[in-house]
Structures are given as C-alpha cells and as structure tokens.
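Here are the chains, one letter per residue:
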Amino acid sequence: MSDFTSGFWNWYIALITILGIAGCAILLWSQSVHKVRIGKDGQPEKTTGHVWDEDLTELNTPMPRWWMVLFYLTIVFAIAYLVLYPGLGSYAGKLGWQSSGAYKAEVKQANADFGPLFDQYLKQDIKMVARDPQARAIGERLFLNYCAQCHGSDARGNKGYPNLTDSDWLYGGEPSVIKETIMKGRNGQMPPMGAAVGSDKDVENVAHYVRSLSGLTADPVKVSFGKPKFGACAACHGADAHGNPALGAPNLTDKIWLYGGSAETVMETIRKGRNNTMPAWGEFLGEGKVHVLAAYVWSLSNGAEAPVVAAK
Amino acid sequence: MNTPASPPEVKEAVIKMYAAREEIHPREVKGRYATLRWACVWLTQALFYGLPWLQMNGRQAVLFDLGARKFHLFGLVLWPQDFIYLAALLIVCAYGLFLVTAVAGRVWCGYACPQTVYTEIFLWIERRIEGNRSARIRLDRQPWTPSKIGKRGAKHLAWGLVALWTGFTFVGYFTPVRQLAHEALGFSLGPWELFWVLFYALATYGNAGWMREQVCKYMCPYARFQSAMFDRDTLIVSYDVARGEPRGASKSELKGDCIDCSMCVQVCPTGIDIRKGLQYECIGCAACIDACDSVMDKVAKPHGLIRYATENALAGRWTAAQVRRRILRPRVIGYGLVFVAIAGALFTSLALRTPLKLDVIRDRGAMGREVEDGKIENVYRLQVMNTAERPHLYRVEVAGIDSAAIADEDAVELDGASTRAVPVRVRIEAGRAAGGSHPIRFTVSALDDPSLYVSEKAVFIVPK
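Same order as they appear, the protein sequences are chains A and B. Numbering follows the working numbering, with no gaps: position 188 of the first sequence is 188. Numbering follows the working numbering, with no gaps: position 228 of the second sequence is 228.
Please note: incorrect hints may appear among the correct ones.
[To be verified] Here are the simulated DSBU-like pairs of lysine-lysine, each with C-alpha atoms no more than 30 Å apart in a straight line:
id	chain 1	residue 1	chain 2	residue 2
1	A	K159	A	K104
2	A	K40	B	K11
3	A	K127	A	K184
4	B	K11	A	K46
5	A	K94	A	K108
6	B	K70	B	K357
7	A	K255	B	K375
8	A	K272	B	K375
9	B	K375	A	K159
10	B	K217	A	K35
11	A	K272	B	K464
12	B	K276	B	K255
13	A	K46	B	K217
14	A	K227	A	K201
15	B	K464	A	K255
16	A	K127	A	K159
17	B	K16	A	K159
18	B	K464	A	K201
19	A	K46	B	K16
20	B	K457	A	K159
21	A	K94	A	K104
22	B	K301	B	K276
23	A	K222	A	K108
24	B	K375	A	K40
25	A	K35	B	K11
26	B	K357	A	K40
27	A	K227	A	K255
28	B	K70	A	K108
29	B	K375	A	K222
30	A	K46	B	K276
31	B	K70	A	K104
32	A	K46	A	K35
33	B	K30	B	K301
34	A	K184	A	K229
35	B	K16	A	K35
36	A	K255	A	K272
37	A	K222	A	K159
What the hints contain is simulated information worked out from the structure, not anything from laboratory work.
Pulled out of the complex, with its shape left as it was, chain B reads as follows:
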C-alpha cells in the first residue's frame, strides 16, 4: 500500500465502507416469462405443501423419519446404509443444474429457486395489501400514520402466516404431518418441533420478506460459481445494444429502439439496469424482457430489444436456428453425458435394489471350537435387516467348505422394516478342512420369494 502524500488543497471526505440495503420495489410485470414463473410457483408449491399429506401403504408417502432412521419415499424405504443414493441424487441435481446453466443461464434462479419463488409470493401479498410500485414507494416515505401502521401490520401478519405454514410443512416432512397438525391445533407441539417450525418460518419470513435479492447477491454460492458454466453460447438475458442505442424518446431516425422508459429497471427484482450488460446480480428472471416487449408493442416496434440471446448471437446477429445449432457443444455434451450416466446408474440401482441387508460379524471371543465327534464349530452374529415393509420368513444357508451347515434353527422371521441380530453356529465335520482360516459365504433368502436373497462372505477358522 502506497498512499501518495496529498497536497494540502485536496479536500477529503469520510465515506462508509459498508452499504445499507436499498429497498427495491419491483413493478408488477405480465408476459410469457412472468406466466412461466407463476406456473413454476404453482407447481413447486403445490408439490411442497401437498406432498406431506399424501398417504401410501398406510403411512405418509414421503417421510424422513430421523428418529427411526428410516426414509420413506413413496414405495421405497431407505435406511442410513442407503446414504449413497442421497449422494447420487445430489450429484444428479448438480449436473442437471450445470447442464441447464450451460445452455440457458440462470433459469433455475429465475424460475424455480425457493428464494425466487417465495419472494414472488411475498411480493404478491405486498402488492395486494400496500398497492403497486409507486404506492409502495409513497408509503415508504409517509410518516407512521394509523393507515400505514395498518397496512404494514396486515402485510407482516400475512407474511408471518405464510411463513408459519411453510415452516410447519417443512417439519411435516420429518415428523408425521397429520399428527403435527393435531398438535399444532391443540398448541401441544413438542419443544423441538416448535423450534424447527419457528426456525423455518423465520428463515422464510426473513429471506423472502426482508433479505430478498441480498440472498442472491451476497449469500448464494451458486450465484457466484455459475460463471464457470457460462460461455459465449450460453443464453443470457441481453439488451441488444446495436438495436437500442442511442436511447431516447425522440422518434428521430438517429435514435435507437430504446425509448429509455426505464421499465426494465423498475421491474427488476435485484434493482439492476440490464442495459449495462450482463451483471452478477442478474438472476435471469426475464422480467425485463416481458416489460420491454410490452413497451415495444406500444411503440409498434418488434419484440426482443431485451431477449434471451447468447454473446455470440448478439455479436454475429445470429438467427434462432443458428443459436440452436450451438447448443450441442462439447461442454453441454459433457455435462449431459455425466448427468445421464449418473441418473441412469441411480435409477437402475434403485430398481434392482434388494430390500434385504446382511452383515456378518464373527464372534471374536472364540476362534473355533471342537464339539462332539470332532466337529468344528464357529459362531457368527448375522445382522439381518428387512428393509421391505412386510414381514418375511428367511432361511440362512452357508457354503464354502464341504459339510458346512448351520447347527441351529436356520429360519429367521422379521417384521416389516425391522432388524435383528441372529447368533448362528456353523459346523463342519471332522477333517474336512485344514487348520487355518477358510472363506465361507452366508446366504439369507426369503422363503416366499426366491428372488429376494442376499449373500455375504465370512471366514471360518479351524484350530490348528
């Protein structure tokens, strides 16, 4: 750091190195992209709020029971041992995101991200209670009159109710939602349930009501690393400088198509001016496209002064067909292949999954013991897990050494979605194996379903 000595006549000022958030009041926008976004809002929210209420097989269809460590996903019951599926699912989601971003930019941010969706819902409430953009700006400047207090109070109450319902629904994925509803209505929620309902309600209220674009600008990691997926063929919300400039309201031939009405700025949820080019704040919601298209209609100019376009398309004045031809490029094909491969592996693995698990634990206390007639006996503990939802009767078999057999009862009965440790003694006849350790294999198979079996290797020790 090298600050040059300032000449005495230079005036100085003290500035703040942090900035207070400036309230953004986005203008309501109508158009095809706004309709698409609202369709996404309805779809994702119907799914989110509705799913916990769905019943299946006499239980909640989707329930992540952390206490019992069982994760119900429609017909599937996943156990902590199935955690690999969650990892695969996250990888599939990540590559889906990469793929979409490489092709069409931040469409996830603009249409489906919870931050966008809840902000949209909260903005809708705000608009119904406090009025449109100019009314809201006026209200901001007003002193605290009873009318303002009433409007603000009503808004926060409505936000709070939506937020509480959201928090309640979220907790309903982890604890049975019907029971939770009864408890909530009777004000008898458990302390942790209450905490998490309030926690997620507060997060929703704070993020969608107060933080809004601050989340995208300063908190979201995805917003920052997505530029790694961008290239000159990625669709971004772009202002056509060549067509728009020089901007101005005059009808002179010298002026471009942009009439400088600032509608694109007024509708922007992050408060940027898209005409300055691609900025990291832009979440790709295309509100400015809808706004500009409606203005172009009024001034009888073609749509698309602001449009989804690629950098190459803008520079080379490409047609839509030319842009489409660049979609299949190495980056997109690469993301696509990984996406398809992992998604395929995930679903194949889920479809072929056996709802039966087996762990073999050899007793460590005794290496191997001699019993009557010189037979050698080893003891194992079989941890049998029935991950299906109905009870099964299983048979335990052992193979690997001539004459190896189970010395006790070889049938094991397990309730649905239960686990049991079964001590098992394996015997071989005298002289069938030399001293030392020999590999053997346990097989547990369902008596009522030959395709339901699982096999696990173990070691049989013959004393020397």
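Just chain A, with the same shape it has in the complex:
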C-alpha cells in the first residue's frame, strides 16, 4: 500500500497538512482584531497602527466579514474532507474512497446502462444479430477499438494476423466457432520441422511442393522430390494438405498465406516453425459484446444484406 519503507514520510506529510490548516485558522483569528491608539477626537485611529520610516502608516481598509466567514468555511471543509477522504498521510478516510473503486463503480454503471442492449442480442442467434444494422454498427465500432490494431481497420489482416474478410478460416468460420475464438483466444503452434523433413535440400523441395499445391510457380523436379517428404507435415495439414481446423493447421492448397507464400518464407516457416497467439477477450469484453463482435466478423465474409449505416 505505502510507497515508503518507514512511517516517517507519512507523519511528515500529515503533520505539514495539519499545521498548515491550523496555521491558517490561527492567522485568520489572530488578525481579525487589532489594537490601535485612540486619536485626539476620542475615536480609534483609522490606521492599523503599523508605522514605518517614522511617519508612514497603513490605512485600515477592512475586508468584508463574509469573506472571513467563507475562509473559516473552507477550513471546516478541509477538515471534513481529510476525515472522510484519503489525504492525511496514508490515512484512508472514513468513506474508504479509492480511485480504483471509483473506476469499478463507473464500469458497473456502464454495464448497467448498456448491458440490457447486449443481453437482448445475446438471446438471438449470431446470424440473426448479423442482419441487424444497428448491431453491425456497434460491432464495427467494437472491432475498430479492440481488433483493428492487429487485423487492420479493414479486417484484412497483416503478416501473422489472418484476413477476416475471406472465407478461409484457421479454426473454422461457423459463427459459434468465431465467437469461441474471440472469447477464449487461440494459440497456434507449428513446431520447427527442419529436422523432421530432412536436409536443407529436402526443406527446399517440400517448399516447392507446397507452392505447387496452390498453383504457384515451382520447379517440377523439386516438387517431385518434395512430395514424399511432405509426409512429415501431413499429421497436421492432412495428406491432401487441406489443413485441420481442430488444430488450427492452415489449408496449404489455397493462395492464402499467413506469413507469405514465397519459397524463402515457406522454407523459413518449415525450418523454424511458427508460434502465434490471439488473446482471449471474453473476460475483458464480456459475452454480450463478443457475441455482437462475432456477428460483425461473420458478416464480413458472409455478406451483409444491408450496408452499415452510421448511428447518431
């Protein structure tokens, strides 16, 4: 709790605070009356009685009483504040107020305000939600806030971050699977396969074979040498190289490449493997928002019946 190892600074700050307030009160009280001489006319002199340089006197121009009262009220306020709220050294205050508590209260309030809206979507099928223009507009804003950093504002991804607008899915494109991906995150791992495939030559041959699967230019000789070596990859990617959504193993026969499809990049992938993580958003966003997000992401590759219109 405390940033200091000893209680000294706690007492130091508390003492300065208390002395400061008490000092103000004493000064105000002690200076509110003053002794002056009675002049020749029998009335108190109009000066404060201070004399400088033999004959320089200070006129008494009194301040308004309400100002004094206000000053005393600020002192009362300061004392009440220090009793109720943190401020006096490490004393936490009678009300136990904390900035983290205030944050939690605000989050709770926001959830109470917007929760019913998301709860209403939660009751609907994701495909139904995707048809609702308002839900898609909310989804778009959520996406731009939380997902666009990696997947891009246009959801078309980036190297290492999948394109969400095509119909190719590492883990499956069913609405429920998309929702599960967002809720729980994904951990995609491809182990380094260099040793399993064989020599550097073998790796190059396999890379050419993989490229040939999606119709890319490849050396036919290397392809024919690489094909038998692909057995090491088939455990995950399948003998037909169509991938396995259960493992997140990509289909190698389409032209979609997460890390790049050049022979060099494919060789690097085979040699070093790949390790990729999509964080879990369920706890942070809550199921309601994830539900709407999943509907938005699903709609990107399944066509929206109506364009997203700007909400006011």
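Model the placement of chain B on the given structure of chain A, informed by the hints.
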C-alpha cells in the same frame, strides 16, 4: 514592522479588521439614464428568458448539448473541434469591453452586466413590497412584527421565484427547455438538472438579493483591472467641483451650485458619494446624474453638475465637441482595430466554414502490403464528420501517386450531424512508386453539392 513604544498615557482600543456589510437602500431614480438602464434590462432579459424557447429546423434554436457535444446556435451546429470559435468570441467580447471602457468607462457595469440587471430587478421587487427607501430603512429598524415578517416573507418568496425561473432558464440552454418544463411541472427533474437549476437560482438570489455591490467591490475582477483601460480622456461619472463647491443650501453668491441635498448619495447602489471624485466602487450607472439633474431642475440651475465628463474636459472646461474630438486617440484606435480584425476573422471564418470534417488515421499495424499482381495496399481509417444537419452521400477520392485508387466502395453515407469511421484501402499498381513513404491526399466531397468537400493529407508507405 517597527512599532514605537507607546507612552503609558496613550489610550488604546481594539478594532475589528473586517467589516460587516452595511445595508444600502438606494432611492428610486428616474431620468434618461435610468430609462436607458431599464431598456437594457428589458432587452437583455427578453433575450435571456426568451431565446431557449425559440425553435428552428425542428429543434431548439440555441442549445448547448454537452452530452452529445453539439452546440446549436441558430443555423450553426458547432462541434468540440470548433472550440476555436468560442476562443475568438471571447476575445471579441474582451476587446469590445476594452474599447467601450476606454471611451465611456464602466458602461457595461452600469447598464448591461447581469449583476446590475438582476440587482435592478430585485430592487424593483423590494420597492413594490417593502416601499421606498425611507420605508425600507424604517422596516429594517422595526422589531419582528407580523407585518414585517409578512413583507419580508413576500419579498423573499418573490425573489426566490424570479431566481428559480432564472436558474431554470439557464439550464434550458443546456438541456431542451420544453422537455425541462414538462419535467419541472411534473416534479420529475433529473438529479443533475435539479442541482443546476437550484445552483443558479441560489446564485441569482444570493448575488442580486444579498451580495449586490459586494460582488462589484470584492469579487469582480473586471472592476479591478478596468483602470488599465482608463485615461484622462475616458468618460466617467464626475462631479463638477469648480461649479458645485462650496456646497450648501444658502442662495448666497459665495456658494456653489451643489445644495448638499445628498440625493446623489441616496440613489447610489454602491453607497458612495460621487462628490469625493472617481472611486473604484463606482459602477458608472449614472443614477446620481439623473438624481442631480432633477434637483437642478427644481432649483432652476442648468443640468450637468454631475455628468459624464473626462478628466481633461473638467480640468480644461472643454465643450462636448472638444471631448468628442479626443475619442479617436491611439488607445481607442488600437482597441478598435484589434476588435474589428478579430470580429471580422471570426465571422468570415464562420461564413466560409465547411460543414464536413475529416481525420485520416493510418493503420499502424501494417506498413504496407503486397496484394495480387504486385499492387501495394495501405489501410487508413477515415473519420468522416458530417456537421451539417441533413444527411449527405460522399465520395472518397485519393491522389498523390500515379494509379492510386480506393480499393473498396468509395461512397459513404452519413446522417445529419453524425460521425463515422470508414476503413479505406488505397492501392497503387506495381512499380509506380519507390520504397519509402509518399505523401498522398484524401478528398471527401458531397455528391449533391460540389462546393462541399474537405481534403486531408496522409502518407502512403511502399515496402522496401
């Protein structure tokens, strides 16, 4: 501090270093300046109380919607991005104040300041209920009889009602006033609305009913720094000492024109004697001029023993024409030029303002990517803000690199007074630009109005 040792025979007294406010009961005054002030009261209050009820384009004409962050000012809808206009408006107001003050002293204080205006209204109520100045002074001294309690109660009730209406109107500038009226009548105001209505009501009641001249004397910063705008050619409410002194009621030739009736003191809302010369308490309301002129009428002397005059005019016995000739002096011309320049810039800028705003945010995740046929693609997020009140269909265009084009739908539809983030992909053909960053420019233009467009620069990155 050096207090000399007092001789023992010197008597001492203990005095208080603060002063209780002394109640001032200004006498009612009639005359041209009082009429002018009442005209200002009617004008400013008709404006203040009436404006929120004015409707325009199916909404409240003047509404500062803090929740939606949209500030409706008749035909204008200002957004937080337009805050510069508020700054310009405040500068224009400040220089207007400087200009007026340099020429004619505290005319703002005397005629149009809310503190003066509400004090005038509250004094009017006080006069109707408790009677004139002498009746009010008598009432002050009376014990608390049922009659006094009745009068005081009625006064505070009336003040309270005016104050509540004022607080309600003020809040009506920030939340739709018609809806607020329904809620107020049904006693269903929201907690914050109720708080602010009561807050401004209390401020009005306290300032106009109780604090009055104390606000001008001790709180108002303007009252204190205006002396910086004063010079010897500034019009101030002045007592003509040469003509008035020696004062006295006698008709002797030796006496001046001042008959020492003290009417000027009795009408003063800040309780000063203008015959002592210019004082910081004087708010320039000219009540003493009206009072003195009516007395001069009765004693068959010319008006103007107390009048608006400059220090130079009094010292040199200048004519009105001579005073007028000194109005155009460097200080006034300087304030005037700045005032006209900033006011001109403000209104020109408002008139030429495009009700469309654009922010371009480049996607930071991807520098630039290669897509089919070696085309290079960059992704941007365009924050398009339609600050007009009707919907528009816009087209997004990009220029700056040969072959640069928008890869998606380039039309964007926005409702009136709405904002939308539009992801946009820009593509260039292979080999049209070297590796590195290149400046490009986005233009968003309304399809139905060629004059409505906005353009914003951005950067296109080609991977090396």
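**Structure-inconsistent hints, enumerated in ascending order** = 1, 17, 23, 24, 26 and 34
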